[in-house]
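> The primary structure of each chain is shown beneath.
Number of protein chains: 2
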Amino acid sequence: MAKEIERKFLVSSDAYKSLASGTYFHQGYLNADKDRTVRVRIAGDDAFLTIKGITEGATRSEFEYDIPMDEAEEMLNELCIRPTIEKHRYVIPWAGFIWEIDEFHGENQGLVIAEIELPSEDTEFEKPDWIAEEVTEDPKFYNASLVNYPFKDWPEAEQKKVIQE
Amino acid sequence: MAKEIERKFLVSSDAYKSLASGTYFHQGYLNADKDRTVRVRIAGDDAFLTIKGITEGATRSEFEYDIPMDEAEEMLNELCIRPTIEKHRYVIPWAGFIWEIDEFHGENQGLVIAEIELPSEDTEFEKPDWIAEEVTEDPKFYNASLVNYPFKDWPEAEQKKVIQE
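If you read the sequences in order, they're chains U and A. Residues 1 to 165 (the UniProt record's numbering) make up the first sequence, in order. Residues 1 to 165 (the UniProt record's numbering) make up the second sequence, in order.
It is possible that part of the hints are untrue.
No copy labels: a pair is met if it fits in one copy or bridges any two.
Unchecked claim - Computed cross-link-like contacts, SDA-like style, restricted to lysine to any residue with a CA-CA straight-line distance of at most 25 Å:
1. Lys34 to Ala144
2. Lys34 to Asp70
3. Lys34 to Pro83
4. Lys8 to Leu79
5. Lys8 to Pro139
6. Lys127 to Asp70
7. Lys17 to Gln159
8. Lys140 to Asp33
9. Lys161 to Thr123
10. Lys161 to Glu74
Read the hints as simulated data drawn from the structure, not as lab findings. Just so you know, these numbers come straight off a predicted model, no measurement behind them.
With these hints in hand, go ahead and build the complete structure from the sequences.
So this is what it looks like as structure tokens:
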């Protein structure tokens, strides 16, 4: 078991794309409760099953297991809640921490979210200048929420805020 | 991935207890949807995470992974839907097949269910004389249902049918 502190931000330009190559992710949820999520993820050549517990501020319990690729594909195609999520992830080291930038596709096309994992909730860190507004506490940006309420269904004003920030 | 055919029956006496020693099980659900279940189970000294797909008649998709005992305990104690399920399981070979008899405790005390796993839906098999009515198609006997609607909450007439059959 590991506790992770994740902070999420909007992204104001695609400058991040020149800093890393993207890895294609396909993921889906067997459960997208607010209290607990069970996620199937294919990340490049690897596949995982990940269980996350209740969000308390930015702290969550997390359990992750490697699973065979063919079983991950079968769960994504047959068992997971529709739609599943497709995105490219760009992993960018910056001033001693790692940023993960997710560029979504499909029903979430247009949405880009940056995430940084930190050792504690009050750790200070430097932001690249293409990092915009923090959205850590906003549940509509959780990957699990993007299944039930994808970006394409958001009101136009909300979409613009994300893209133009 | 394996397809399993399971048939469930009520039990008319405790004669099964003289045929095997019971193993203590503690299990809980991270998801108890009708379309898909995610189960954490401690069975004696082993711990598993099991994902089962949609029930079509008696056929379900199933994916199972070994997990560390301490992570299973943490998920059962902190993440699983309340109540978790406790039972003793008796495994009894009989006429070429394996019967599993579950004697429930806690909120399901009084309930005993026998299950046989078969290679196909029309496979013939011999029943021990302590096997009673078939309940394969009745969703209230699913382990996942016993979390939301435990035996102690069933109407007295339904409880009597199970115990007196």
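> Confirm or reject each hint.
For each hint, the structure was consulted:
no.: 1; hint: Lys34 to Ala144; result: both (9 Å within a copy, 19 Å between copies)
no.: 2; hint: Lys34 to Asp70; result: between (28 Å within a copy, 24 Å between copies)
no.: 3; hint: Lys34 to Pro83; result: both (18 Å within a copy, 18 Å between copies)
no.: 4; hint: Lys8 to Leu79; result: between (28 Å within a copy, 24 Å between copies)
no.: 5; hint: Lys8 to Pro139; result: within (11 Å within a copy, 41 Å between copies)
no.: 6; hint: Lys127 to Asp70; result: neither (38 Å within a copy, 37 Å between copies)
no.: 7; hint: Lys17 to Gln159; result: within (21 Å within a copy, 63 Å between copies)
no.: 8; hint: Lys140 to Asp33; result: both (13 Å within a copy, 22 Å between copies)
no.: 9; hint: Lys161 to Thr123; result: neither (27 Å within a copy, 61 Å between copies)
no.: 10; hint: Lys161 to Glu74; result: neither (36 Å within a copy, 40 Å between copies)
The structure does not agree with the numbered hints 6, 9, 10 stated previously, though it agrees with the rest.
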